[in-house]
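**Q** For reference, the chains in residue letters:
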Amino acid sequence: MRRIPGIRRAFRLPWSSTSRVNREVDDELRFHLDMKTKELVDGGVPLDEALRQARTQFGDIEYTRRYMNRTDRERMVSERRAEWSDEVRQDVRFSLRQLRRDPGFTIIALITLALGIGANTAIFSVVRGVLLRELPYAEPTSLLRIFSTVDGYQSSVSPADFNDWRNQTRSFSALAATDESTVNLTGSGPAERFKQARVSANLFQLLGVRPALGRAFTPGEDAEAAPRVVILSDGLWRARFGADRAIIGTQIVLDGFATEIVGVAPPEMRYPSPVDMWLTTRFGPRDFSDSKRGARWIDVVGRLAPGVSAARAQSDLATVARRLEQQDPRHNTGFGTRVVPLHEEMVGRVRTPLIILLAAVGLVMLIACANVASLLLGRTAAREAELAVRTALGAGRGRLVRQLLTESVCLAVIGGALGLGLAVWGTRLLLALAPGDIPRLYDVRVDGWVLAFTLAATVVAALVFGAIPVWQAQMGRLASTLREGNRGSRARPGTSRTRGMLVVSEITLALMLLAGAGLLIRSFAQLREVDPGFESAQVATFTVTLSPVKYAALDQQRAFATELLDRVRRIPGVDSTGVTFGLPLSGAGFVLSFDVTGRSAPPPNAEPSAQVRVASAGYFAAMGIPLKRGRSFTTSDRAGAPRVLLISEETARLFFPGEDPIGRHIQFGWTRDGDRLAGEIVGIVGDVRQRSLSSDRTPHAYVAYEQWPLDEITVVMRTRTDPARALRTAQGIVTSLDRDLPVYDAFTLESLVSRSLGQPRFYLLLLSVFAGLAVVLAAVGIYGVVAYTVQQRTREIGIRIALGASTDRVVAMVVWRGLALAVIGVALGTAGAFAVTRVLRSLLFGVSQHDPLTFFGVAALLGIVALLASWLPARRAARVDPLAAMRADG
Amino acid sequence: MDLLQGTLDVLILKTLSWEPMHGYAISRWIRQRTDDVLTVEDAALYQALHRLERKGLIESEWGLSENNRRAKYYQLTAAGRKQFRAEATEWRQYAEAVFKVLETASQ
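From first to last, the protein sequence lines stand for chains A and B. Mind the numbering: the first sequence is residues 7 to 896 in the working numbering, read in order. Mind the numbering: the second sequence is residues 85 to 191 in the working numbering, read in order.
Just so you know, these hints were derived from the structure itself, not from any lab. As the structure is a computational prediction, the values presented were derived from the model and not from experiment. Don't take each hint at face value.
Which stretches of chain A does chain B cover? Using the computed rule of at least three CB atoms under 8 Å from a CB of chain B, they are [claimed, not checked]: (1) 61-68; (2) 687-695; (3) 748-757.
What follows is a set of in silico ranges between Cβ atoms, one per label pair, in the way DEER data are often shown [claimed, not checked]: (4) A:G65 with B:E187: 35 to 41 Å; (5) A:Q96 with B:R165: 25 to 31 Å; (6) B:A163 with A:V94: 55 to 61 Å; (7) B:R165 with A:G65: 55 to 61 Å; (8) A:G65 with B:W175: 21 to 27 Å; (9) A:E55 with B:E187: 44 to 50 Å; (10) B:V182 with A:V94: 26 to 32 Å.
Just so you know, even glycine gets a beta-carbon here, dropped at the ideal spot from N, CA and C.
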């Protein structure tokens, strides 16, 4: 038997060769029948009889033919598949070997990718949790927040308006009111202050939230005279009540009132915020009366009726508002309503900064990809000889492209896996660093969406940086490389140009990021410069709220505050102390309109108004708020004495222009038990920032505490020694005065100031980290390109040195290559940054989006970095030994 | 005499353990070896050949036959050789056991 070697290869079945399979089966069967016939003829059987016998002896030919065809086709498919996966495995093994062989390249590429993918995934996990995740309530898109508006400004809602909306609109299937505050829990264990929400009885049904234990509120439980009931949060139930299921039906004491626990909310119930417990509003007919219409302090959430649009609900509410304006112009002129989707209302404030961060980190990713692509290009160029040999040995173009892509994918996948680990850690870090006033951080986690994002980022990265070397490695050129006998002496113009372009785009993007970070840094510095109006160093504060049962009478509240202040003043190290209601920068407090005695009544809604604070005599000294004119409160401004007031400079400027406010009498729109808040202005004090350092000055008015006591008492103490120790001592004093009185909001004023800068600091920190990362990556990119140039031009440099070029000239020539790229990149980046810093406008304070100092500074910084990154490899060029360089190159 | 179920595969493997052969040669070889006692239907033989190839126990290659015609030659793969050894041992043990029982019964 003779066999043709290699014939099996020649007959390799291509992909769709059903016809070939059929033909081969036919051939095989015909051969058998021919041989059989021949055997019979040789044995003496006549030919036609032999033909017939051969067929009958064979059996069922048709069935066998079909059977053979089917079996062969199956075999072919599975062989192809095995071959393909074999090749992939081979490619992967080969790629991993290549990557191991060049650890310098591999480590840099992997770190770059891991940082890029990790940072992107971490930021995305925050964006996903805060902005993209649906609210955990039934049909969250039909939930709306409803606000009152005053001359276009959003305000809270009065219970009276809420009641009218509930009764007079048709657009909502339900409306609920909520109000957040704090509450004292006494009785079981130590007295503690908890966050509570007072809500309409239908809130849980409206949101579609079922209690995890017990029941929701029932209709009527929010009425004034209803029995007191409470629903605990999952967290409070576990932490304070040991997850005791028998707790339902028992009573706890809240602010002195016995209250029955009727339910425990599921963990995902966090409306209106992550409070510890829900109580009912207990509104009475008086709260809904016209006389109380000006008291706007509750929040309203509604669910749209099926098929009703937000716009129709808005016009429905507007009709009610117009009717109220006609009915009661004194309280309602200029008031309107606004509806905002619930999710938008919760996260709208942080959408812009978060999207900016996501875009910034996306730019970092692009830079990372450009860097890896540039590194890969350098490597591909170095491996040209290998690729050319493989082409010559018969590796098809497709096979080589696949090999190159496999390397990219291997890099990306390993980088992605490392990045994911980094992201899990990074997300945790982000959550730890994030200021508490970013909403919904509790919804941030690395979930399926985040994993999908990482995967997508990895694939996109692999395609982006993998495609460029493939595009460069044109097979024709490779073949010519082999013919020319490449000695690695020629700088490939194509590769150099592509790498140059990549580096320019890296510098461009890095400069844009740097400009953004620079603007935020400048803006933050401006914020730090803002005078809050008080001196925060060495001042500590804490708050207590007196039980409305135990301290029902104003005299009792006054007595307690006086006693407390006396004892605190005697703490060693405490210089001055005072009480207030509503600290600066806390956003707490209330605005009251007032009349000035002797002026004609202003038109409705044009009355002067001010942030009203209650303060004791020592408050201004303790806070370091300066007295500008007149006198401050003194101990003689007691309960029976004539009522006196202080106003801030802004109040004087706004409402007493060109006249002396001292000696004028004003009356506020706040009456308590028939007693109207009013008094004579005796002094003017400095302005303080009420909400944040970046907010405008707001008019303030101060009432003497002794003359207008409140149940919520914030004590401020200025100390010579450690304020934290004074706080601990003060805590002991409160407990000794009233065992059932928890101390809360205990902190130093410095931490209050610092907290008010939390969001700007957070965005600044992240953007700076991204910009820093971008600069480092760009520097690595420049370094890589210049080093490659030096390596490629070693021979030329050697000749120049041999011909007498000075070292300086050689260094300058090489540095210029890097610097030229940097100059182009900086120019493009500056133009780009100029165009896009507009998006930062809402985050900037006291600095223009095109701040020349920032732009100049970041351009200079990047220039210096580029110079350094070029100079390092250039030094190596200067050390080239001309003889060795030329000898090595033949 | 008809073949017992499952016998054909092991016979093919045995035949091919000598040298690569085409289907007709295998059929002839089995006939000669068993002195025409066992009749192997050609249809069954070819189905078995393709089945064994699909399982990876044998592989095929086109070559030239004794009379210079293109023919498909089958040969054992490594897996086929191993399978043959295992099956042959099993058959021998089985046949011996059956034989032993039959001997006992005739006494």
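**Q** Next step is simple, just say for each hint if it's right about the structure.
**A** Each hint tested on the structure:
no., hint, verdict
1, 61-68, "holds (count 5)"
2, 687-695, "violated (count 0)"
3, 748-757, "violated (count 0)"
4, A:G65 with B:E187: 35 to 41 Å, "36 Å, holds"
5, A:Q96 with B:R165: 25 to 31 Å, "26 Å, holds"
6, B:A163 with A:V94: 55 to 61 Å, "23 Å, violated"
7, B:R165 with A:G65: 55 to 61 Å, "29 Å, violated"
8, A:G65 with B:W175: 21 to 27 Å, "24 Å, holds"
9, A:E55 with B:E187: 44 to 50 Å, "46 Å, holds"
10, B:V182 with A:V94: 26 to 32 Å, "50 Å, violated"
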